[in-house]
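Let's have the full structure, built from the sequences with the hints guiding it.
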Amino acid sequence: MNNEAKSGNAFVNALRKSNMTAIGLVLVAMIVIASVTSPYFLDIYNLQSLARDLAFIGMIGVAQSLLLLIGELDLSVGKIASLCGILSGIMMVQWGWNSWLSLFIALICGLLFGAINGLIITRLRLNSMVATIGMQGVYGGINLVLTKGKAITGIPENIYFLGKGALGPVPMPFIFCIIVLVLILFLVKRTKTGRYIYAIGNSREAAKILGIRVDRIRVLIYSLVGFISALAGILYVARLGSSQSAIGENWPMNSIASSVIGGVSLNGGIGNPAGALIGAAIIGIIQNMIVLYGVNVYWQSAVSGFVVVIAISFSSISEIVREKRARKIKVG
Amino acid sequence: MKVLEASGITKVFPGVTALDSVDVSFEPGQIHAIIGENGAGKSTLIKCLTGVYTPEQGSVRIDGEDALKNRELFDKVAYVPQEIDLFGYMSVAENLFLPYEKSGFKGLVNQKELQKAAIPLLEKFRIPVKPDALVKDISVSSQQLLQIARATVHEEYEVLMLDEPTTSLTTNDTQILFEIIKHIKEENKAIIFISHKLEEIFALSDVITVFRNGKKVAYADIHDVDVPWVIKQMTGRELDQNQTFLSEKVSDSVLMEVKNLTGEAFTDVSFELKKGEILGFSGLVGAGRSELMQGIFGYLPVYAGSVTIDGKEWKLGDTSFSVSNGFIYLPEERKKQGILPVLSVRENISMATLDSLKSGLSISRKGEEQLAQEVIETYDVKTPDTDKQIQFLSGGNQQKVIIGRAMCCNPKVLVFDEPTKGIDVGTKTEIYKLMKQLAEEKNVGIILISSEMDEVQKCANRIIAMYNGRKVGEFNAPAEKQDILSAIIGVSK
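Protein chains in written order, with this note's numbering: chain A, 4 to 335; chain B, 692 to 1184.
Simulated from the structure, these hints should not be mistaken for laboratory data. Predicted, not measured: the structure shown is a model, and the values here were computed from it. Note that CB positions come from ideal geometry on N, CA and C, so glycine has one too. One or more of the hints may lead you astray.
Reference listing, derived: stretches of chain A covered by chain B, where coverage requires no fewer than 3 residues with Cβ under 8 Å from a Cβ of chain B [to be verified]:
(1) 188-198
(2) 204-210
(3) 233-242
Using C-beta positions, here's what the derived DEER-type ranges look like [claimed, not checked]:
(4) Val-324(A) - Gly-1058(B): 32 to 42 Å
(5) Gly-1008(B) - Ile-136(A): 25 to 35 Å
(6) Val-312(A) - Glu-756(B): 37 to 47 Å
(7) Glu-756(B) - Val-324(A): 31 to 41 Å
(8) Ile-313(A) - Leu-799(B): 46 to 56 Å
(9) Ile-313(A) - Ile-810(B): 50 to 60 Å
(10) Arg-216(A) - Ser-997(B): 20 to 30 Å
For lysine to aspartate or glutamate, the following DMTMM-like pairs were computed, each having C-alpha atoms within a straight-line distance of at most 20 Å [said to hold, decoys possible]:
(11) Lys-1027(B) - Asp-218(A)
(12) Lys-950(B) - Glu-1165(B)
(13) Lys-880(B) - Glu-696(B)
(14) Lys-195(A) - Glu-1060(B)
(15) Lys-738(B) - Glu-326(A)
(16) Lys-1027(B) - Glu-208(A)
(17) Lys-192(A) - Glu-1059(B)
(18) Lys-192(A) - Asp-1078(B)
(19) Lys-1124(B) - Asp-1145(B)
(20) Lys-1112(B) - Asp-1145(B)
(21) Lys-693(B) - Asp-714(B)
(22) Lys-195(A) - Glu-1004(B)
(23) Lys-1079(B) - Glu-322(A)
(24) Lys-1006(B) - Asp-218(A)
(25) Lys-1006(B) - Glu-948(B)
(26) Lys-965(B) - Glu-955(B)
(27) Lys-876(B) - Asp-897(B)
(28) Lys-1103(B) - Asp-1046(B)
(29) Lys-1003(B) - Glu-948(B)
(30) Lys-327(A) - Glu-747(B)
(31) Lys-1079(B) - Glu-326(A)
So, in structure tokens, the structure goes:
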């Protein structure tokens, strides 16, 4: 009895402390508003397509949040995704390789591209933003050389279920997204490497003085991000049934936005990768609602951008309100 | 006539009363020293007096007017923070006069005009730099003086508040600073001098206010009191100022041997360290002491020379190797290089020994908590719980956490780089005791880098003097202060 009360309190305390609580409430509120104002929102088909959509940004956002935690970011995630999708397409369609082998090799390529990003940034001491802007040009360029801008069609149908299928009511990409999240949460919250990530984000100098091999961990994270980008890329290929170079166009920005909405600080050291999934869900619902409300096509981008800004402001607004309230209590 | 007067101010933070109905006032033409242990409420007082915090109770009056109602009055209080807070990539003149409107430059800014106006100020503060030099290129001492000069540029200041202004000054520059402060005093400004260095307080100030646990505990004319009185007021107990902390169990066997080590900021340095010995390194700011140790530690590159520890050839350039093999460096820049500010006390403690806390792949939360509790008890860290973010602990407690964490790695050599910088007298003594204890009981070889002559003399069995990157002298305890001093300023015997 007593114990129960205690754990309840601990849970409430943890909620109160977490910077994800506010944004979690926003997500709940948005779901409520969406389901009240639009009769189609809670429709199972709509929910499924919503989950399928947000899985991609969610997956990349969770990966991106790892980089934000060490105070860096990767703008080449979209291009890595599309390049790996194209590579898998070439292997499967043009070379006639076994689908599973092709997908596996494509994933390894993603890992390598990420590692290249990481090595360039750590060895040459480059700023991650500028370096990955450059690298996304490189990956995008290779992509164009390989495809001349044309899509690769005729992807073997045996991989379709990875993108189009569902396990019970849950779309496959969303299941992958959850698996990625769970693994990364384990990495970040339970393992040594996870602690080191937070240490590096807090102070790179202090981490080095503690004997942490800072650069090795940075390269590891870039590789992981590359791998997850490739995963998202090939799932998208399976979803479309063709490899296209346009895959992942807005993933870099949306993944960063989801992380920040979810309370991951751009300065490093603060936040939880799970927040990125909440952030991705919020962005997904915004886009879904815009469609459900039938907003004029030309206005869609402006409206969704505006709502994203509001969503990002929520965690800082809740901070401001908390400070004001604390001041009032003390004065009164 | 009081120019700045705080009466009955109380400031409460969650769980602590940082200031408890404090009355304090400052008169023009007077140097008023404020002293207290870490966490005594000095910083909170400063923030209330400069308008950063609004106290829950009480009033702050400037020139007799209520400053909490008319906030512009706070402009009359010029505050010089402890840390250097200048724009490195802007010129000396620009740094002096920013923001331009407040220092009388209206409209477009003419660089030549700025530089011309800067010259008399640089002369007044005896800063030996050109007005167009970039601040990042001038010496730390000059930066410190520049920061003070900058505070006096803005029109109409009447109170000058100096927070630990001498921490990065050489002895010589400290003297210059004191003359300048006395000069400013003659201009009939009120000066508030916050320092942990009792010597300086007695050399400079007219009156002294002592804080303890958020309360003002004493106020006196400096001529009526002495050092033991101040310490007693601060700590609430008597401390023996003449106590020494030399290790009494120095073994004969050599623990570390450094041969002809050369790097960017140090040249051809050789020395030995014995087990259980406390070896002091004396020198001026910039003598290359920290860089030398960081070189051995692997944080900075070494160009030539070799290091042997416990008979083993030491791998240079890899901090990870150093830590796992028992050479630990405790940095001077505690806030930047020592603590992981937004992580908890527990996570800060366990960070260096996660390998031993693993069960399978994941970290054992229970083991981690136990380790944290152990360190907190052994090293007497004052924290409400292990989940507290370390940035909210006082400097002394942060230092204890860092020492405790280092001890978990079973070090053979422990380098303390300015371990008591910004730490009060009471906690200082605790840290000295701790060093002595580690040397004697755990047989650790300790290297103590300190700019405080007193500290090195009290703690070190042997003292090495460095000047301009070179070793210039070696003294066994007890050493004459004069000898060490002349060595570190480059006067050879």
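To see whether the hints hold, each was checked on the structure:
1. Counting residues of the region 188-198 of chain A whose C-beta sits closer than 8 Å to any C-beta of chain B gives 5, which meets the bar of three, so the coverage hint holds.
2. With 5 residues having a Cβ less than 8 Å from any Cβ of chain B, the region 204-210 of chain A passes the three-residue criterion, so the hint holds.
3. Look at the region 233-242 of chain A against chain B: 0 of its residues bring a Cβ nearer than 8 Å to a Cβ of that chain, fewer than three, so the hint is violated.
4. In this structure the hint that Val-324(A) and Gly-1058(B) lie 32 to 42 Å apart at CB holds, the actual value being about 39 Å.
5. For the hinted restraint 25 to 35 Å between Gly-1008(B) and Ile-136(A), the CB-CB distance of approximately 32 Å keeps it satisfied.
6. Val-312(A) and Glu-756(B) have their C-beta atoms about 42 Å apart, which keeps the hinted 37 to 47 Å range intact.
7. Here the CB-CB span from Glu-756(B) to Val-324(A) is close to 32 Å, well matched to the stated 31 to 41 Å.
8. Between Ile-313(A) and Leu-799(B) the C-beta distance comes to about 39 Å, which lies outside the given range of 46 to 56 Å.
9. At roughly 52 Å, the beta-carbon separation of Ile-313(A) and Ile-810(B) lies within the given 50 to 60 Å, and the hint holds.
10. For the pair Arg-216(A) and Ser-997(B), the beta carbons lie near 23 Å from each other, so the given range of 20 to 30 Å is met.
11. Between Lys-1027(B) and Asp-218(A) the CA atoms are separated by roughly 18 Å; this keeps the pair inside 20 Å, and the hint holds.
12. Between Lys-950(B) and Glu-1165(B), the direct Cα distance comes to roughly 15 Å. Compliance with the 20 Å bound is thereby established for this hinted pair.
13. The straight-line distance between the Cα atoms of Lys-880(B) and Glu-696(B) is roughly 14 Å, inside the 20 Å bound, and the hint therefore holds.
14. Taken as a hint, the Lys-195(A) and Glu-1060(B) pair is honoured in the structure, with Cα atoms around 15 Å apart against an allowance of 20 Å.
15. Restraint check for Lys-738(B) and Glu-326(A): satisfied, since their Cα atoms lie roughly 17 Å apart, inside the 20 Å limit.
16. With a C-alpha separation of about 7 Å, the suggested pair Lys-1027(B) and Glu-208(A) falls inside the 20 Å cut-off, and the hint holds.
17. The hinted pair formed by Lys-192(A) and Glu-1059(B) meets the criterion: a straight-line CA distance of about 13 Å does not exceed 20 Å.
18. Proposed proximity of Lys-192(A) and Asp-1078(B) is supported: the alpha carbons are some 15 Å apart, at most 20 Å.
19. At most 20 Å may separate the alpha-carbon atoms for a hinted pair to count; Lys-1124(B) and Asp-1145(B) meet this at roughly 15 Å.
20. Distance check on the hinted pair: Lys-1112(B) and Asp-1145(B) sit about 13 Å apart at the alpha-carbon level, within 20 Å; holds.
21. Between Lys-693(B) and Asp-714(B) the alpha-carbon distance is near 12 Å, which keeps this suggested pair within the 20 Å criterion.
22. Proposed proximity of Lys-195(A) and Glu-1004(B) is contradicted: the alpha carbons are some 29 Å apart, above 20 Å.
23. A hinted pair counts as satisfied when its Cα atoms are at most 20 Å apart, and Lys-1079(B) with Glu-322(A) qualifies at roughly 19 Å.
24. At most 20 Å may separate the alpha-carbon atoms for a hinted pair to count; Lys-1006(B) and Asp-218(A) meet this at roughly 18 Å.
25. This hinted pair checks out: Lys-1006(B) and Glu-948(B) have alpha carbons roughly 13 Å apart, not beyond 20 Å.
26. Restraint check for Lys-965(B) and Glu-955(B): not satisfied, since their Cα atoms lie roughly 26 Å apart, outside the 20 Å limit.
27. Between the alpha carbons of Lys-876(B) and Asp-897(B) the distance comes to roughly 11 Å, so the proposed pair stays at or under 20 Å and holds.
28. For the given pair, Lys-1103(B) sits about 19 Å from Asp-1046(B) by alpha-carbon distance, which is consistent with the 20 Å threshold.
29. Distance check on the hinted pair: Lys-1003(B) and Glu-948(B) sit about 10 Å apart at the alpha-carbon level, within 20 Å; holds.
30. Our distance criterion of 20 Å between C-alpha atoms is met by Lys-327(A) and Glu-747(B), whose separation comes to about 14 Å.
31. For the hint linking Lys-1079(B) to Glu-326(A), the alpha-carbon distance of about 19 Å falls within 20 Å, and the restraint holds.
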